[in-house]
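A.B. asks: The primary structure of each chain is shown beneath.
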Amino acid sequence: MIPELGHFALALACIIAIVQSVLPVVGAARRDARWMATAAPLALGLLVAVGTAFGSLLWAYAVNDTTVANVVANSHSAKPLIYKLSGTWGNHEGSMVLWVLILALCGAAVALFGRDLPTALKARVIGVLGWIAVGFLLFIIFTSNPFDRVWPPPADGRGLNPVLQDPGLAFHPPTLYFGYVGYAVTFAFAIAALLEGRVDAAWGRWVRPWALGAWCFLTVGITMGSWWAYYELGWGGYWFWDPVENASLLPWLAGTALLHSSIVVEKRDTLKVWSVLLAILAFAMSLLGTFLVRSGVLNSVHAFANDPARGVFILALLMIYVAGAFALFAWRAPKLTPTGIFAPISREGALVLNNLLLCSIAAVVLAGTLWPMFADILTGAKISVGPPFFNSATAPLAIPLVIAMPIGAMMPWKRGDVWAALQRLWWAACAALIVGFLALAVAGYPVWPALGMAMAAWLVFGAMVDVAERIGLFRRPAQAFRRALALPRAAWGAAIAHGALGISIAGIAGMGVATDTLVQLNPGQSTQLAGYEWRMEGLSDVQGANYRARRATVTVLRDGAVVTVLHPERRTFIVDNQTTGEAAIHTNALRDLYAVLGEERAGAAVLRLHHNPFAPWIWFGGLAMAFGGMLSLSDRRLRVAAPAPKGATVPA
Amino acid sequence: MSDTPVPPPRRRRWMLYAPLGLAGAAGAGFWVMLRGLQSGDYNPRGVPSVLIGRAPPAFSLPALEASGLPALSSTDLSGPFPGPVLVNFWASWCVPCIVEHPQLMRLKRDGIPVFGINYKDKLADAAAFLTRHGNPFTRLGCDEPGRVAIDWGVYGVPETYLIDRQGIIRWRYAGPLVPEVVDNDLRPLLRRYA
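For the protein sequence lines, the chains are A and B, in the order given. So the mapping is simple: my numbering equals the position in the first sequence, first residue as 1, plus 1. So the mapping is simple: my numbering equals the position in the second sequence, first residue as 1, plus 268.
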């Protein structure tokens, strides 16, 4: 009964979405206030309907309703409740329902919080969100219905991929989806602006919080995904340039560019065409990721099981939304004329540089991700583009980006002075050089990791100088604290996010000097790695909630003193007999000791041991970046009403 | 620098169409990939084989005496067969072969003939492997020097080829036939070439 309710709610949601995609937009075109006024109630109605559908699916998973095919395929009564619930979105169908639920949530948020939004713009934005919802609801109903029944019901479900039974992964997809779907809202704003033929400062001010919010979620999502790959997959790496990872990085890069360019739209009333293009691109990249993961066109550890009919449907959606948006862009963009003046050496100039570099990185990553697939269909050649290409192609673009970041942040609007900015940053530059030199000469790092450390120091100290300058720490120390409190949260947020990137870069540089070894140890034997003695004490059997495990006990010693005892495991899940490795990690915030248990040979354990300096900084930096974004999002200027449309107050 | 709005010059107007063009080209490419996925021309997981669409190269291999199975030569693969058959390269020293073994046993139970080619193996070890894990093969040839595997372009063991009823190689999979590969890739192909 409940699954039928969910199915019905999905159909109802589809009808609401169709109405939502027509009435407000037509109303805006005809300037009919009553038609436009339907936008908000329809957006709320869509949320209720999709929420009901998702709730029904959650319920089916919670009670392990084996008459629902989706539950049978992805769940099992022996799973802990939290993983039963997270199983709802751990599969293709359920994750699509979650995707649409978040979209409906965003639409409702625009409807509720957008009270001061110009009526026509609001109606168009909600209408465009309706178009997106229609497409994906049709996709769910026709190709991926999560409420299909099986009769007679099997005795129990067929489990969930044990690799996915992990708290990090349970909340990783929803976080990413909030990011992806957030860019649907900026996309809707871009389309609405193109339909209206106007982009002004108010538009920039409305787009910015959405771009920022989506960026925060995406940053957290990518960070969690990277952390999950590090500790769960047991490969000892944090980023593999896997196509699916790239698919999440691409909207992040485009979204980061959008975040910065929308500031220029707001403050300087220029860069409009570019910002609209970026808003379309960010969402296009989100959709591209959805297509790549779910259509089966690429080979990845993350890809969902799939069938080609779905791929064709998603490709159709991708083409309708993205190609449609680009066609509209080509037609209407000439109307969006800049009104602000523009000097190359200025804050806006620095932000343009940021945009160019970020977009170049995105282009390189996109090309590297898609090239093997296109080479296959064009020439039949099977090639794989791996980390060497991505590292060597993105580094020359990332380095100038990092060098320019603190300088750009110090630059005033309209007309800046690079020399003046550099004078204030001189001690950050000195500190960066010293750190780089110490890494190279004292710690004995190779060139690239040492350069990374210098870059990291440059960003962290650059962010400190930025804040110190703004609060006049050295000029008027007495008032600095008061000024620090009065400093807008957006300024704090930007400085924290920029410094946090430095922290992540330090972690990445540290991983550049990580060492690992593969050893076969009998109980009592030990090996040396990175100045530590790793002693294999023994192997034992462990019984978990729904798995059996072999567990190795590895004591790590330094100079004869015990540092930690690690327990890497190999877990065999009882239901589907799948085996996963469970890495054991000990961290002291400066380095990780990391052990993975491999096969056993005649009583001896094959162990892979890693020493990863600064590894935790990668994810700490990612979370701190998102924190900076959140802080900026809570800025009073973003919460209070947007200014009146530019047209009303534009100077002659 | 000027305070007056400057419309984009005419000659740069075409740049506004560039995103549309790129998206269109990418869309067309994706369409070809999806069609290829259905027809089997495009397979992101498979390592390509020049043998696809051709008959197997000529060979004749001795039998594994201890197994009691008949020997294998290319004439046994020339068809016509009542249905598609599989050729599986394996070795007793290969751990992934143990992983894929239950799937081969299941295919045998489902009536799919699996022709085995034992690759660079000691005969006693190969026989012991079959005794311990079960024998999924209809015929079995021993390629102790590994010469036949070179002719086939074998990438490593295990490796499996699907041969249609007319004796034409249709599919190659390098790596163990884990249940997902059997369910998602092999079974649809077996149905298509049935």
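Misleading hints may appear alongside valid ones.
Said to hold, decoys possible - Straight-line alpha carbon distances no greater than 20 Å define the calculated SDA-like cross-link-like pairs of lysine to any residue that follow:
| hint | chain 1 | residue 1 | chain 2 | residue 2 |
| --- | --- | --- | --- | --- |
| 1 | A | K336 | B | L284 |
| 2 | A | K336 | B | A286 |
| 3 | A | K336 | B | K376 |
| 4 | B | K376 | B | P325 |
It is worth saying that the hints were derived from the structure and are not from the lab.
A.B. asks: Each hint needs a verdict: does it hold in this structure or not?
C.D. replies: For each hint, the structure was consulted:
Distance hint between K336 (chain A) and L284 (chain B) is fulfilled; the C-alpha atoms sit about 12 Å from each other, no more than 20 Å. A C-alpha spacing of about 17 Å is found between K336 (chain A) and A286 (chain B), which places the hinted pair at or below 20 Å, so the restraint holds. Note on K336 (chain A) and K376 (chain B): the hinted pairing is violated, with a Cα-Cα distance of about 68 Å set against a maximum of 20 Å. Between K376 (chain B) and P325 (chain B) the CA atoms are separated by roughly 24 Å; this puts the pair beyond 20 Å, and the hint is violated.
When held up to the earlier numbered hints, the structure conflicts with 3 and 4 and fits the remainder.
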